[in-house]
Amino acid sequence: MAIRGPRRVREALLALLFLGPSAVVLGLFVIYPLGRTVLLGAKRCNAQGENCRTNGLRQYTDVAQSREFRHALWVTIKFALLTVPAGIALGLGLAVLADRHLRGIGFFRAVFSSTVATSVAVASLMWLFLLQPARGILANTGWIQDLMPVVKNPGLLNDSGTALLSVALSSVWANLGFTFIVVTAGLQSIPRELHESAYVDGASPWRRFTNVTVPMLSPTLLFVGIVLTSRAFQAYGEIDLLTEGGPVPQDSTTTLTYLIYGETSIVRNDAGLQSSVAVLLFFVMLVLAAVQLRGLKSRIHYGQ
Amino acid sequence: MATVRLDAVTKVFDGVTAVEDVSLDIADHDFMILLGPSGCGKSTLLRMIAGLEQATSGDIYIGGSHVNDVEPKQRDVAMVFQSYALYPHKTVQANIEFPLKVRKIPKAQRAVEARAVAEALDLTEYLQRKPGQLSGGQRQRVALARAIVRQPAVFCMDEPLSNLDAKLRTETRAELVALHQRLASTFIYVTHDQVEAMTMGVHVAVMSRGHLEQVGTPQEVYARPATVFVAQFIGTPPMNIFPPGMVEPGDTRIGVRPEHITFDDTSTLRAQIGLVEQLGHEALVNCHIGDTRVIVRIPAAGVVHIAGTEVGLRVPEEHRHRFDATTGQRID
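Going down the list, the sequences are from chains E and L.
In my numbering, each residue's number is its place in the first sequence (first place is 1) plus 173.
In my numbering, each residue's number is its place in the second sequence (first place is 1) plus 419.
Bound conformation, chain L alone (with noise of 0.2 Å):
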């Protein structure tokens, strides 16, 4: 049992609220992703799940049991840094045995355990070197093994592939939910990286400001954004919010994926063909209504759109997001 549980957490620094009000219920063997950008508080409700702050308010649950007074060492969570925290003066083996170590292993069982998760992560030849011996991906998968070896109920992840290459990070990726398949237990991961939510997560939890914007499975995330926030944050590139009015009539604002627009000389919406950018698989043509930004993705053997010309576009109904004008809220 390792389900986690916030309850209406809030956390104040200096008078300064960093998380606010956040309820999230995580399921055992779950890998939840927490996505914002920097600064909404994603880090900060990491951290107090892992015990490194204290909430102001609320309560954290993990595997049923209330720990908002428990210590670290009682919650049974482990936690991988952004700079991978590992201890330059220690070998990678003693670095894996470290937490054994402090829950009084006898040597023998350390060193089986540590070279048991070292071989699984590919680390058998490096047990021998320091930290500072090895390459960025090494280190990370060191980081990643200490924090296995104790086979702990909850995993922390803060931002733990934002130090590695694109090409480094694609394959972590991978072999991150196969390492979560294998060890069925809860994933917390912490990113400001939407591919990696989109591509690793069960769940996602948008955050932005301190506040939860929308909990759900990546697909209903991308599929049915409940703000307008979460619209523009997820999908690269962003969905296209027209202001009221510009599209039907009434108050709300609508949102469109790039890839659901269409150029249609009969449609009444007509833009500015601006900027377009050719990616060789697609195109994304960038449009002007007024001071109104709008993308369109099209395929890039459509045909050739040059600067300046006027174009109508058709935005099909059955992919029309209406969102609040004023709360941004999604309404259906």
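Bound-form chain E, shown alone (with noise of 0.2 Å):
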């Protein structure tokens, strides 16, 4: 007992030792940040920052009840709707076709993976000029312009039916990569007797592909679906170079993060504005990750 009590001091003074520098570091350049958005957000201030005046909560109510808002986070749920079911079926289905051991197989594993080495900047130039109406391979191609609707202003991008299809179709592309290469760790960590058995047995390979593959790989989908959901309510780069959040008057490709930080936002020049909606945004991606877990959880499969 003697040696017990300054034994415990001196391991406390350690463990704050090692907290010490990641608490510093979260400290000034998460929660710190975090604290005066939230301070922010309650505050209305002129185009420099100054003469502000603060509303308390109702300045979070009244901009959650906004028409703007409600419009921008509808827009956030298509987009997120339009990528994230699409990509994880995507990447699954090219990470089990390049799943087997074929000559060359390395090949189309480096084809299908490249995407994570491309930057948002890059990928979205590319599918602007994809799309562009004047020279575009994609806005010239009869199938792709029959799948879209009726296109009213020229170019897939410029019009309000078509834009956050267009935009998705590039986001969806971007992320391919990742969850290709995910999937792909996932795959091989599935023991391969689970396949020999269900192939002795007589399964055939989709009778394989959904009662193996699929529910093995239900924790690796899970953090797919999470990390892609998480991406589609933040994305920013493909709509700022591919539509600025337009086409206007409808404002189709306006998601909340355009909103915030958008050049053509009406809160543009409102730090206080913009501060609501990230901390809105923010307690909606709360809510979202605390369900999809939740709910999940029940039907994911961790290994024994």
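Simulated from the structure, these hints should not be mistaken for laboratory data.
Because the structure is a prediction, the values reported are computed rather than measured.
Some clues are possibly wrong.
[What the hints assert, rightly or not] Straight-line C-alpha distance at most 20 Å; calculated EDC-like pairs for lysine to aspartate or glutamate: (1) L:Lys549 <-> E:Glu366; (2) L:Lys492 <-> L:Glu472; (3) E:Lys216 <-> E:Asp235; (4) L:Lys509 <-> L:Glu538; (5) L:Lys520 <-> E:Asp235; (6) L:Lys492 <-> E:Glu369; (7) L:Lys509 <-> E:Glu366; (8) L:Lys509 <-> E:Glu369; (9) E:Lys251 <-> E:Glu417.
Build the complex: two chains, separate frames, hints provided.
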């Protein structure tokens, strides 16, 4: 007992020493700015950030009820619904296709994962050219035009009916490499005997996919789903580069993040309102992650 | 009818020959053990029978029909894996029912059959659990149940007991023999454990480096090993092999089991006593004749042997096995 007191103190000090560096970094760059944003979100200031007036919680409820916020939230949700399921399905499909021992499969794996190394700016510019009405290959392909609703304005990106879908297309493409790599890693961790056992038992490839591959991949797919959803809710670069939140006046691609930062956003010069939207987005994503984790928990299998 | 016949089967993986020219007849209702050290090709052979690997050349027949190009589904073969390969996300019942579900058997009937098999293997109370909640022995029985429920013509088992502890392994050996008698189907069982081979097998096929060394009953393989490899692989401790000229004149190697050598001071075959291993009911006396190590098995109550002393060894004529000095083949 004589040793225990001082020793506990020593250990506590040592623990603080180890925690210190990351606590400082986290506090300085995450927690402090978050706190300031929450405070700023309750204020209205002029364009120079002066003459601030604190409105308290009411500012948040006002923003949440505004037509602009609700429109942007709905656009964001549509964007996530367009990109996340399609991204998972395509990534899973490609990973399963490439998960076999064939000569030259390494080439396809490299191609399928290559978009990881492509920045949003490069990817968006590439899609801008592809979708550009005068020369873009995709813009002038018949079946793609048939696939999209009637284009009223020239160019898929300039039509309020197709703009969001076109941005989603580029986003799905850009995220495909990430999904492919993570799912490929997940596939390789499935014990080979499980597939072999099902094969000897007479299971068809489709049944092996639904009864072995998908359930064994469920933790991986949950992870990919959460990351892709969070990326969809935070997508900015492709929207800014492809549509700038437009076309106006419908603001068809003004998502919550574009509402916060965007060049043409209605709250462009109001730091208080921008902060309000940012904090609200933070809570939307918090709720979303909690729902995803909790709702899927019972159906996810994490191995023995 | 579920005979299995292998005719000159060879399997080459990327230039490496895993199985070479193996011909083997497995009778209906046989319990055939494929025995050999790791890397000898026994698992590859089993996987070719189950349809998980394609033979590079040679023919495989199950129940008289040529199955080289037949999918596992049509071969009527069940396989039990060393890792059990249970579906961790399915309950025990769903695991057992899976082969029936694949065969589109109605749900009610599936449940009845799964319950019957579970009862026979003492798994009834675990039907709603997931494999992760079971012990190793229980998982192993679930794997067996999943194989049995289909009532296949041939059971392929790849070292199914090697993940169990020693006591459970001994118990399960007896259960598998009883199961074989009850099911009256053909069992093909891969192991590197000669005790499993000797205690369970109706026939044993000993393999080494992709070749079949000998096929016979466990007694035949023990009493008349066809090669030096079989002589030294089967039996604990292994058969002693004397170089040519040491025991008798001539150019053959002489093999003698440790229990057949006796100490006799009048013998001209002199040896130095080394380590003596006391096993309780018996003792193993390690002796050296030059570089040749000889193990003699004696009752524990015998004379106390002291390391370093010189003794004479008697090798009875009727217990000598003669092997060709170069090929290692038995000479009769």
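Here is how each hint holds up against the structure:
| no. | hint | result |
| --- | --- | --- |
| 1 | L:Lys549 <-> E:Glu366 | holds, 18 Å |
| 2 | L:Lys492 <-> L:Glu472 | holds, 14 Å |
| 3 | E:Lys216 <-> E:Asp235 | holds, 12 Å |
| 4 | L:Lys509 <-> L:Glu538 | holds, 19 Å |
| 5 | L:Lys520 <-> E:Asp235 | violated, 57 Å |
| 6 | L:Lys492 <-> E:Glu369 | holds, 12 Å |
| 7 | L:Lys509 <-> E:Glu366 | holds, 16 Å |
| 8 | L:Lys509 <-> E:Glu369 | holds, 17 Å |
| 9 | E:Lys251 <-> E:Glu417 | holds, 17 Å |
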